[in-house]
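Trainee: Chain by chain, the residues run as shown.
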Amino acid sequence: MQGFSDILQRLYEMTAIGSLGETPAYLLMYFIAFLLLYLGIVKKYEPLLLVPIAFGVLIANFPGGDMGVVQADPQGFVTLPDGSREVIWDMPLHKIAHELGIMNYLYYALIKTGLLPPVIFMGVGALTDFGPMLRNLKLAIFGAAAQFGIFAVLIASLLLGFTPQEAGSLGIIGGADGPTAIFTTIKLAPHLLGPIAIAAYSYMALVPVIIPLVVRLLCTKKELCINMKEQDRLYPEKLEIKNMRAVKIIFPIAVTTIVALFVPTAVPLIGMLMFGNLVKEIGSDTGRLFQVASGGLMNAATIFLGLCVGATMTASAFLNLQTLGIVVGGFLAFALSIASGILMVKVWNLFARKKINPLVGATGLSAVPMASRVCNGISIKYDPKNHVLNYCMASNISGVIGSAVAAGVLISFLG
Amino acid sequence: MENLGLGLLLMGVGMVTVFCILLIVIFGSRLIIALVNKMAPAAASSAAPDIKPVLDAAVACLTGGKGRITKITEL
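Heads up: the sequence lines are chains S and B, in that order. The working numbering applies: residue 57 is where the first sequence begins, and numbers increase by one. The working numbering applies: residue 330 is where the second sequence begins, and numbers increase by one.
With the rest of the complex left out, here is chain S (with noise of 0.2 Å):
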């Protein structure tokens, strides 16, 4: 009787009930978990992102399954479970895997080391098309003035007592690009890797909801019913574009070139991003690497980032003050952001001759295409004939590139 009584009590330690009683946290963490899986499968909020990271919270958060990420304290020290204390980077993968779990191992690997972020990146290239940008160079401009966001998010986060790190990965959210984010947050405040990518995310995805808030605070009716064909009719672009392939495979080179000598700090991010545009305009001759690229290797890399970043948020990492704060920061830096862009076009238009509907201001930063896909959609709720697309999404496509050289700045003097 007692041999049985033994066997249930082993039973009942091998489960994860016991501690799930002992720590209600993780009850709070599973609702936040099957939150996100919701919003991803049911709502179609950013589903190939949100889905895996929610998954990675549900499996993190299991006592005894050893899939949160761990941590290392500032110094780089990590608490084995037998108690002792390790610095991580003195730890072979191997032992990371056996210590702490293979979360851990393919979190130090792949995310620590900063490698998957950039390989998202070139996916991001080779599926960017630059040419409406290219044929409305203009318009560019408008995606350096929405990095604002960024920069008056960090100022916030430092008044409210964040770290000068930590500011600025809170504040890289408003460039509304979630492999930068969690790029320059892995360089400057990895324990708060979790809750940066969450919020990065959630934002992005809701998009839809954000961009309107925003114009109808801002925009007057006659300002959106401004129609840019018109306006290109009556103003037409003296600079015609003969050979647009060669111009299409001249340009990554070229940004490349100039943002690693200016910003070095960028080029993982806009180098990778650049390449993988290269291998896709240069056409047939690399028509394989760009299958790669924008195919397997981005979707591998997706689903790796995506349950790491996931397993980050462990009810001991996640509930807390700091988490809130960055919620709420993220969603300010989102929408200073676009409200940016939007002041920048409404001062271009006190000035220009040729006026520009200010939904392309919106759409400065990345978040491409739905920021442009939104922005068309409130534009022709005015006029059904003033598709802005196109324009928007010049703007759009330069927000990556300004998002990736602020985050560039923020390593350069915070990392």
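Heads up, some of the hints might be wrong.
With a cut-off of at most 25 Å between alpha-carbon atoms, the simulated DMTMM-like pairs for lysine to aspartate or glutamate come out as follows [what the hints assert, rightly or not]:
(1) Lys367(B) x Asp185(S)
(2) Lys400(B) x Glu286(S)
(3) Lys298(S) x Asp379(B)
(4) Lys381(B) x Asp341(S)
(5) Lys243(S) x Glu331(B)
(6) Lys441(S) x Glu286(S)
(7) Lys298(S) x Glu286(S)
(8) Lys437(S) x Glu296(S)
(9) Lys400(B) x Asp146(S)
(10) Lys411(S) x Glu279(S)
(11) Lys400(B) x Glu279(S)
(12) Lys367(B) x Glu296(S)
(13) Lys243(S) x Glu78(S)
(14) Lys243(S) x Asp146(S)
(15) Lys381(B) x Asp185(S)
(16) Lys402(S) x Asp288(S)
(17) Lys367(B) x Asp288(S)
(18) Lys400(B) x Glu296(S)
(19) Lys437(S) x Glu279(S)
(20) Lys367(B) x Glu293(S)
(21) Lys400(B) x Asp62(S)
Between beta-carbon pairs, the in silico distance windows are [stated by the list, open to error]:
(22) Leu333(B) x Glu293(S): 42 to 48 Å
(23) Leu380(S) x Leu384(B): 54 to 60 Å
(24) His150(S) x Thr402(B): 52 to 58 Å
(25) Gly471(S) x Gly341(B): 16 to 22 Å
(26) Ala387(B) x Arg289(S): 49 to 55 Å
(27) Lys100(S) x Ala363(B): 41 to 47 Å
(28) Glu293(S) x Lys400(B): 40 to 46 Å
(29) Leu76(S) x Cys349(B): 22 to 28 Å
(30) Val403(S) x Ala387(B): 32 to 38 Å
(31) Val345(B) x His150(S): 43 to 49 Å
(32) Lys367(B) x Pro148(S): 55 to 61 Å
(33) Gly471(S) x Ala363(B): 33 to 39 Å
(34) Ala387(B) x Arg344(S): 20 to 26 Å
Chain B stretches covered by chain S per the calculated footprint, using a threshold of three residues with CB under 8 Å from any CB of chain S [as the list claims (entries may be wrong)]:
(35) 348 to 359
(36) 362 to 369
None of these hints come from the bench; they were simulated from the model. Computed from a predicted model, the values in this text were never measured in an experiment. Even for Gly, the Cβ is constructed at its ideal location relative to N, Cα and C.
We have chain S; now place chain B onto it with these hints.
Mentor: Same frame as chain S, but now just chain B:
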């Protein structure tokens, strides 16, 4: 206050850098376009005549013979 100074410095440097890089990209791209127009303008529409029958067939197949191509524009 020290942190505020750092934040303002970062904002100044960051925004100026982003604007400068994008201005260089814009003017650099205009230069590239001008040079390509001058040195290699001919390749623009050389492929169109050859692929027209293929596109016609594909559109006819997809639309059950109801659709047809009226204009091809090089992107």
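Trainee: Take the hints in turn and mark each one as holding or not.
Mentor: For each hint, the structure was consulted:
For the hint pairing Lys367(B) with Asp185(S), the CA-to-CA distance comes to about 23 Å; that is within 25 Å, so the pair holds. Pair hint Lys400(B) plus Glu286(S) holds up; C-alpha atoms about 21 Å apart against a cutoff of 25 Å. Pair hint Lys298(S) plus Asp379(B) holds up; C-alpha atoms about 19 Å apart against a cutoff of 25 Å. As the CA atoms of Lys381(B) and Asp341(S) are separated by approximately 22 Å, the hinted pair is consistent with the 25 Å bound.
Using a Cα cut-off of 25 Å, the hinted pair Lys243(S) and Glu331(B) holds, with the two alpha carbons roughly 22 Å apart. Between the alpha carbons of Lys441(S) and Glu286(S) the distance comes to roughly 11 Å, so the proposed pair stays at or under 25 Å and holds. Under the criterion of a C-alpha separation no larger than 25 Å, the hint pairing Lys298(S) with Glu286(S) is consistent with the structure, at around 23 Å. Only pairs whose Cα atoms come within 25 Å are accepted, and Lys437(S) paired with Glu296(S) is rejected, the gap being roughly 31 Å.
Note on Lys400(B) and Asp146(S): the hinted pairing is violated, with a Cα-Cα distance of about 64 Å set against a maximum of 25 Å. The straight-line distance between the Cα atoms of Lys411(S) and Glu279(S) is roughly 9 Å, inside the 25 Å bound, and the hint therefore holds. Between Lys400(B) and Glu279(S), the direct Cα distance comes to roughly 33 Å. Violation of the 25 Å bound is thereby established for this hinted pair. Among the hinted pairs, Lys367(B) with Glu296(S) is consistent with the structure: their alpha-carbon atoms are about 11 Å apart, no more than 25 Å.
As the CA atoms of Lys243(S) and Glu78(S) are separated by approximately 35 Å, the hinted pair breaks the 25 Å bound. Annotation: proposed proximity of Lys243(S) to Asp146(S) holds, straight-line Cα distance about 19 Å (limit 25 Å). Between Lys381(B) and Asp185(S) the alpha-carbon distance is near 23 Å, which keeps this suggested pair within the 25 Å criterion. Restraint check: the Cα-Cα separation between Lys402(S) and Asp288(S) comes to about 18 Å, which is no more than 25 Å; the hinted pair holds.
In summary, the hint linking Lys367(B) to Asp288(S) is supported, as the alpha carbons are separated by about 24 Å, within the 25 Å threshold. With a CA separation close to 19 Å, the supplied pair Lys400(B) and Glu296(S) stays within the 25 Å bound. Pair hint Lys437(S) plus Glu279(S) holds up; C-alpha atoms about 13 Å apart against a cutoff of 25 Å. Proximity of Lys367(B) to Glu293(S) is assessed by CA-CA distance (about 17 Å); at most 25 Å being required, the pair is judged to hold.
Under the criterion of a C-alpha separation no larger than 25 Å, the hint pairing Lys400(B) with Asp62(S) is inconsistent with the structure, at around 81 Å. Checking the proposed 42 to 48 Å range against Leu333(B) and Glu293(S) shows it holds: the Cβ atoms sit about 43 Å from each other. In this structure, Leu380(S) and Leu384(B) meet the distance hint of 54 to 60 Å, their C-beta atoms being roughly 55 Å apart. At roughly 57 Å, the beta-carbon separation of His150(S) and Thr402(B) lies within the given 52 to 58 Å, and the hint holds.
At roughly 19 Å, the beta carbons of Gly471(S) and Gly341(B) sit within the given window of 16 to 22 Å. Between Ala387(B) and Arg289(S) the CB atoms are about 32 Å apart, so this pair departs from the stated range of 49 to 55 Å. The hinted window of 41 to 47 Å between Lys100(S) and Ala363(B) holds, with their beta carbons roughly 44 Å apart. Look at Glu293(S) against Lys400(B): about 20 Å separates their beta carbons, and that is not inside 40 to 46 Å.
For Leu76(S) and Cys349(B), the Cβ-Cβ distance of about 54 Å falls outside the hinted range of 22 to 28 Å, so the restraint is violated. Against the hinted window of 32 to 38 Å, the Cβ-Cβ separation of Val403(S) and Ala387(B) comes to about 47 Å, which falls outside the hint. For the pair Val345(B) and His150(S), the beta carbons lie near 47 Å from each other, so the given range of 43 to 49 Å is met. About 57 Å separates the C-beta atoms of Lys367(B) and Pro148(S), a value consistent with the hinted range of 55 to 61 Å.
Checked against the hint of 33 to 39 Å, the pair Gly471(S) and Ala363(B) passes, with Cβ atoms roughly 38 Å apart. A C-beta distance of roughly 24 Å is found between Ala387(B) and Arg344(S), which places it inside the suggested range of 20 to 26 Å. Evaluation of the coverage hint for the segment 348 to 359 of chain B: fulfilled, as 11 residues show C-beta separations to chain S shorter than 8 Å, against a requirement of three. Residues of the segment 362 to 369 of chain B lying with their CB closer than 8 Å to a CB of chain S number 5, which satisfies the three-residue condition for coverage.
Hint compliance for this structure: hints 8, 9, 11, 13, 21, 26, 28, 29, 30 are not met, and every other hint is.
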